[in-house]
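*Asks:* One line per chain: the protein sequences are A, B, C, D and E, in this order.
Counting with the working numbering, you get residues 5 to 311 for the letters of the first sequence.
Counting with the working numbering, you get residues 5 to 311 for the letters of the second sequence.
Counting with the working numbering, you get residues 5 to 311 for the letters of the third sequence.
Counting with the working numbering, you get residues 5 to 311 for the letters of the fourth sequence.
Counting with the working numbering, you get residues 5 to 311 for the letters of the fifth sequence.
Mixed in with the good hints there might be a few duds.
Stated by the list, open to error - Part of the chain A face toward chain B, derived, beta carbon under 8 Å: (1) Ser11; (2) Gly15; (3) Leu195; (4) Gly198; (5) Leu206.
Claimed, not checked - A few chain A positions that, by computed beta-carbon distances, are all more than 10 Å from chain B: (6) Pro96; (7) Lys107; (8) Tyr135; (9) Gln156; (10) His194.
Claimed, not checked - Chain C is nowhere near these chain B residues, computed Cβ spacing over 10 Å in every case: (11) Glu67; (12) Tyr95; (13) Ala166; (14) Gly221; (15) Glu230; (16) Lys255; (17) Leu306.
The hints are simulated quantities; they were obtained by calculation from the structure and are not laboratory data.
By construction, the Cβ of each residue, glycine as well, lies at the ideal position given by its N, Cα and C atoms.
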Amino acid sequence: MHPSKPSAPAGISAESAKRWQAHYERVTQGSGRLFLMAGDQKVEHLNDDFVGGNVASDDADPEHLFRIASAAPVGCFATQLGLLARYGNDYPDVPYLVKLNSKTHLLKGPEHDPLSLQWQTMAQLADFIHYSGLDVVGVGYTIYPGSRHEAQMLTEAARLIADAHALGLLAVIWAYPRGQAVGEREHDPHLTAGATGLAACLGADFVKINPPRDSQGVQDPRLLGEAVAAAGRTQVVCAGGAETSAEDFLKRLYGQIHDGNTAGCATGRNVHQRSQPEAVAFCKAIHAIVVENQDVDTAAKLLVRSA
Amino acid sequence: MHPSKPSAPAGISAESAKRWQAHYERVTQGSGRLFLMAGDQKVEHLNDDFVGGNVASDDADPEHLFRIASAAPVGCFATQLGLLARYGNDYPDVPYLVKLNSKTHLLKGPEHDPLSLQWQTMAQLADFIHYSGLDVVGVGYTIYPGSRHEAQMLTEAARLIADAHALGLLAVIWAYPRGQAVGEREHDPHLTAGATGLAACLGADFVKINPPRDSQGVQDPRLLGEAVAAAGRTQVVCAGGAETSAEDFLKRLYGQIHDGNTAGCATGRNVHQRSQPEAVAFCKAIHAIVVENQDVDTAAKLLVRSA
Amino acid sequence: MHPSKPSAPAGISAESAKRWQAHYERVTQGSGRLFLMAGDQKVEHLNDDFVGGNVASDDADPEHLFRIASAAPVGCFATQLGLLARYGNDYPDVPYLVKLNSKTHLLKGPEHDPLSLQWQTMAQLADFIHYSGLDVVGVGYTIYPGSRHEAQMLTEAARLIADAHALGLLAVIWAYPRGQAVGEREHDPHLTAGATGLAACLGADFVKINPPRDSQGVQDPRLLGEAVAAAGRTQVVCAGGAETSAEDFLKRLYGQIHDGNTAGCATGRNVHQRSQPEAVAFCKAIHAIVVENQDVDTAAKLLVRSA
Amino acid sequence: MHPSKPSAPAGISAESAKRWQAHYERVTQGSGRLFLMAGDQKVEHLNDDFVGGNVASDDADPEHLFRIASAAPVGCFATQLGLLARYGNDYPDVPYLVKLNSKTHLLKGPEHDPLSLQWQTMAQLADFIHYSGLDVVGVGYTIYPGSRHEAQMLTEAARLIADAHALGLLAVIWAYPRGQAVGEREHDPHLTAGATGLAACLGADFVKINPPRDSQGVQDPRLLGEAVAAAGRTQVVCAGGAETSAEDFLKRLYGQIHDGNTAGCATGRNVHQRSQPEAVAFCKAIHAIVVENQDVDTAAKLLVRSA
Amino acid sequence: MHPSKPSAPAGISAESAKRWQAHYERVTQGSGRLFLMAGDQKVEHLNDDFVGGNVASDDADPEHLFRIASAAPVGCFATQLGLLARYGNDYPDVPYLVKLNSKTHLLKGPEHDPLSLQWQTMAQLADFIHYSGLDVVGVGYTIYPGSRHEAQMLTEAARLIADAHALGLLAVIWAYPRGQAVGEREHDPHLTAGATGLAACLGADFVKINPPRDSQGVQDPRLLGEAVAAAGRTQVVCAGGAETSAEDFLKRLYGQIHDGNTAGCATGRNVHQRSQPEAVAFCKAIHAIVVENQDVDTAAKLLVRSA
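All chains should be built: construct the whole structure from the sequences, respecting the hints.
*Replies:* What follows is the structure, encoded as structure tokens:
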């Protein structure tokens, strides 16, 4: 059964609520579930995700992301405004979500708790939408609960969510507990539930989390139950993580939705590290599970393999 | 005897003063005393307060808070704007208090003095009230006197109180001395009196404190005397703390009001960790003491017990 | 001889200059000297100054401050805006000075150089004055020269003084050299002169200092000479410090004015730690010396003693 | 073959897009490639680049930079607004790029991660352009990915790029991974590709990098491939570095363009450390390669040598 | 030969340029050279420069500065706005330069890199000028290249220079390399040239430096050559430093101008530590050299000596 269609958040004009509803319908493709294609890794992981190992050579070019998003049935494609400004006009049919903060992964270790600050202002984003005419459906922002810089990010998140809603835009929070105070616990199911509840309190429409693991480090979709409950009406989607086999991915995704009660997925590397035809087919398979509510076998038949 | 009805704070328009008076009357239910249901723990304690141990399974869902607040005779229900935006329209009869700052409890220990910053701006809050039509009666903000970040929080608190009053809203300060410089003294009666006096100087209408303890760590309502005196016309309410037996809670509350001269209570976990019927009944018992000025036995008759 | 009446500071409108002149006349009661009753200790010292030891029981209630200020011939009563908002309307005849920054004394020691930031904005203060109709004559702000946070406070002080003058308000600077870099020198006469000169450069109308001491820690009014000279047209007043006998206080005050050439006093604890009748009488005695230019014996006759 | 002419970034008015196109055409001199003369070293390296060793005596005077830029076929000359305000009117035909942030090289070593903040506001820049009538074609800003201060600089960069585009100005990012977390890796080809991809996500039109080196520290234009691919439609130009022989410079430049697929060069010291005639001739040789698409021998014939 | 009259900086309105020209003419007294009387030491050095040792007793009173500035042929007198607000109206003929940032010297040593922040805003300064009608010709600001806080000060400096020029005001930068990263090199001629070049890039009209010394710590006017060249059209003036004999001062000044090619001097202590008649005569001698282009012997005849 698909999640029911939510009402627009309170506290915005009727016109904004109408726009929010339309955006929600658009990104969930009428299913109540979201397939978000995440494409913010060129900052978050620099070029690590785009070359080497099993990464398809197509992925060296940023336009690869747009080609996939345009050809595949994604709910929305999330990336930074700069890339959108450069490629959006050539791919005008894609629903875009602007990732408003990003940081590199160069600063790490116990002495460098993560800090990721808002890039463009909401006024700049509003101008961008007005002048570009692109189909911008929402904004994304990453918070790191437990980071020494937590307070700064929670404030930015709360304000941009309120502003996004006032513009009729959706707000997606990437919620990753991290930092010296979090240590090894970042995939703990209970802490993950804390993160989704926090995102709900901030007003997020969707919260993207890393799927929780048990004390042996094993993922099990049933571990998601606490997080989905804690999020309440804020819908939970799992990050896809590093590339895995397409079939394993689909199985895990099916479990997250049907055993974990999540409302879709937000995946990046697993999509764009494949060649264009493979990536598009892979997106179709994800779409089958998330939006068409198919089973894994049916979805897997949509996959194509490189020669 | 009930505390007398206070005048609106000076320095605001006649219209704002009228609105402030109406809000004050509303939250004190004509009694001069406040029963504030505190529901900001999904950020402050993440999911720790909502699952496990004796916590009722109802509490895993954030809507539980709203169901209680709607069915029970609370003076106001305090929570973050994000949750309010998501559930408020379905519970339009509840008087809401927007908790404007919150932090997680992940950062602790001597190297992490608490810092909790304002989330939404007052302009965003005003828009929210305007467009939602919800019954927002005031704002809440936590200060941590003694934290290395004290100055930042005192400034935010002073400014938002002035702005809240200008909008005709009540201002409630959560005042918790904490940080390396405070150490073990956080429940000291004299320091608690310092905190209530500070809240009065900031302009708070109500100040929520943890009930003070003597040097053996024992709570005694008579220890509240200094804090209530120091607060002057700012009304003191005690936090409820972790769950305890309903009867013990009511006795302690009665003592705080009649021996400690506090003006009500602000309780969260003790309410929402119970099942819906128990929680509502418990609220009725609290209401009996705080608002109806009943004795403990009369109030306790309103309690219901789970099977 | 009384100090001559100063001109309004340059750089403000004729109307603001007129208001400044009226405020100056008001607080100096036509004498050119200021008797400032300081009542910001509920934040600065939390509840330490208000209970225990020889402190009169009246002082546990913040209204005690207003009762004294209303019944006694003080030049102005300085306190935080929050208290003023709560009690001001009941004591409308008092000339008030709004202390705009305050901090607690919980953070101390070499690792915690003092930081005290502005609470309300000047726009909020202007609204407060407009709507309350209270007799707000000026603002106060504490600087800590030598603190690691000095730069932040000097900037805030300079800006609020300019804004205060533009509104026709007086500006009083509390100047206390403090912090690890100052160490034991905080009462050094030469450093004190540095502080009064600094206040003059910031544009203060009055500067409140702790009376300097010689290398044995002894106060002598003649040690004030350098500081009064360095302040130029900015008038110097000494803080009263912890409670002492009323007669000693009056003698010291007389010396500060006649041997030290200061322009009055700014005292708090010495006033409000007494019972209401004693405190009012004590204020009359201070007024006799500061404003009426009487000698110590004449002034001392005005004192009353508790039973 | 020259790179194709790019479209203006999305999200700006048609008039701004037209101005952006004209500026792009102007700085690439119709070739799609950029020869940027970098003149921000008076801050970045203080006077180290301008005197001593083989530096021509002409270079001691800042006007030397303007004399070269005016006489030589540069695409644009980048310098700080202060110098431009002083010399621009005498050299009105030069296309200028305003370098908006700069820092000295005095703070270095592991305890001093680089921080370079925006100097003038965009409103000040817009006024400058309006009143001066100078041919300001764009702005420049340096980011240091991996610096502890990275977040602050990424935010400033993203905002000023959006503002620059809204004014029809080009945006050039100097992208230099640096800081304790980067250590010895700053010339690593893979990290360099991370930096160009990051600049693309910020929305830069051009990104200036230090040419990457292999593990032996050797430059090879083929190492640029990853960075140029990662940058996508953002054009990559290499910094010229410290002075080398003119012939070696031209060979390296030719390789960067034809083997590395870069879109020009951004050079400073190699130009201005020469005497006026040599510098102008050297610029003509660079222009021959970058804009006229000549080979090294043809370009080298344009060089002149000091007596 | 006198330096030629410079054009107004580009990027301001014709009216502002006209005002800038008039101010430039005024402070250089038609000579192209500047005699700036520096009077910001009451903050920078607290009371150290004003009492004790050979300091004339006149100097204990801040008005001494204004009496000298009014009676002596100074190009402008630089001091903080607060003093100006208090004394300016009584000395309306003096051309004033408002020193916009200042700090005390209490924080020193390797752990306390200097930080000096802007006091009044430019809007406050503009109001001050408008309402006071005083002859404010420009602003001053100190930067400390090499301080850990360098970035903050460079940004403030760049912005206030742009704003000053937009108001038709001159901008003078005090440029003092300092901090742990600078250490003993603060008087190094090459680093001094870096500082003057930096000031030029910020857009300063004049830059005040400490005269450079050779490796033995000896001042020689010829060491100024690099700094004067690096400053380009920004005029260099040397700080006067601690008091020395008037004749030695004049000789050194003559050398700085004629051998060092500086454009005047900025001196404070050497002037105001003398008695009123001596100070005025000393200023006349300085004026003779700086403005009248006299030799040392002629200038020295203007000196008077205390009894």
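*Asks:* Next, verify each hint and record whether it holds.
*Replies:* Against the structure, the hints come out as follows:
| no. | hint | verdict |
| --- | --- | --- |
| 1 | Ser11 | 7 Å, holds |
| 2 | Gly15 | 4 Å, holds |
| 3 | Leu195 | 7 Å, holds |
| 4 | Gly198 | 3 Å, holds |
| 5 | Leu206 | 5 Å, holds |
| 6 | Pro96 | 31 Å, holds |
| 7 | Lys107 | 19 Å, holds |
| 8 | Tyr135 | 24 Å, holds |
| 9 | Gln156 | 7 Å, violated |
| 10 | His194 | 6 Å, violated |
| 11 | Glu67 | 36 Å, holds |
| 12 | Tyr95 | 32 Å, holds |
| 13 | Ala166 | 4 Å, violated |
| 14 | Gly221 | 21 Å, holds |
| 15 | Glu230 | 6 Å, violated |
| 16 | Lys255 | 27 Å, holds |
| 17 | Leu306 | 35 Å, holds |
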